[in-house]
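Novice: What follows is the residue order along each chain.
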Amino acid sequence: EVQLLESGGGLVQPGGSLRLSCAASGFTFGSFAMSWVRQAPGKGLEWVSIISDSGGTTYYADSVKGRFTISRDNSKNTLYVQMNGLRAEDTAVYYCARTPNDFCRGGDCYVVNWGQGTLVTVST
Amino acid sequence: EIVLTQSPDTLSLSPGEGATLSCRASQSVSSSYLAWYRQRPGQAPRLLIYGASSRATGIPDTFSGSGSGTDFTLTVSRLEPEDFAVYYCQQYASSPWTFGQGTKVEIK
Numbered sequence: 001e002v003q004l005l006e007s008g009g010g011l012v013q014p015g016g017s018l019r020l021s022c023a024a025s026g027f028t029f030g031s032f033a034m035s036w037v038r039q040a041p042g043k044g045l046e047w048v049s050i051i052s053d054s055g056g057t058t059y060y061a062d063s064v065k066g067r068f069t070i071s072r073d074n075s076k077n078t079l080y081v082q083m084n085g086l087r088a089e090d091t092a093v094y095y096c097a098r099t100p101n102d103f104c105r106g107g108d109c110y111v112v113n114w115g116q117g118t119l120v121t122v123s124t
Numbered sequence: 001e002i003v004l005t006q007s008p009d010t011l012s013l014s015p016g017e018g019a020t021l022s023c024r025a026s027q028s029v030s031s032s033y034l035a036w037y038r039q040r041p042g043q044a045p046r047l048l049i050y051g052a053s054s055r056a057t058g059i060p061d062t063f064s065g066s067g068s069g070t071d072f073t074l075t076v077s078r079l080e081p082e083d084f085a086v087y088y089c090q091q092y093a094s095s096p097w098t099f100g101q102g103t104k105v106e107i108k
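One line per chain: the protein sequences are A and B, in this order.
Residues in the first sequence are numbered consecutively from 1, following my numbering.
Residues in the second sequence are numbered consecutively from 1, following my numbering.
Don't take every hint at face value.
Claimed, not checked - 25 Å max Cα-Cα, derived DSS-like pairs, lysine-lysine: (1) Lys65/A / Lys43/A; (2) Lys104/B / Lys43/A; (3) Lys43/A / Lys108/B.
For the record, the hints were derived by calculation from the structure and aren't laboratory data.
Please read these numbers as outputs of a predicted model, since none were measured by experiment.
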């Protein structure tokens, strides 16, 4: 059974930093591209970032480009996102997400599996 | 950026009834790269449909997707109690991959 377990969320002041982790199990982690998707309280879903199976290719939403860095450690089956320069509008539940293949092969960039999410609150 | 607009915002129905949800794109979604997700209260989303019409693993045939170009539809032939939730469409034809604002299916 695929499991994605996020951690690292919490309360941080504007301008601060936070690193989220996602521990994956139940599948060959190093064979799949992974994403972060977020959801502000009471709002819809927003794709944040994606990283290829090897970690060699990354994409970011314009709203986080230059502030967030996605990475992965395939030896530890773990996905990360380093979030710097946090703003109030970054407040959201952050979901770790598995895509169907190594990196949108055949154009497939949807989410097959979702974690339960971790809440990040940016506030004074 | 492709903008997805879902309608209606809220659908009030009774268990056992059918539901039809719409997702309209601001420009053509090539190769029908469109997915649907269901999100129950307090839970993470779950993949229902990908490629506009292919059911994900474990999804019953009461769920079906259709459409192409700019107009897509999710149909639930018979609503079970656990189907009262928010539904999102997502396009992955071009980056940034975007979601619709969601349609809430509530119990009438």
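Novice: Could you run down the list of hints and mark each one as holding or not?
Specialist: These are the hints, each one checked on the structure:
no., hint, verdict
1, Lys65/A / Lys43/A, "holds (21 Å)"
2, Lys104/B / Lys43/A, "holds (12 Å)"
3, Lys43/A / Lys108/B, "holds (23 Å)"
The earlier numbered hints are all upheld by this structure, with none contradicted.
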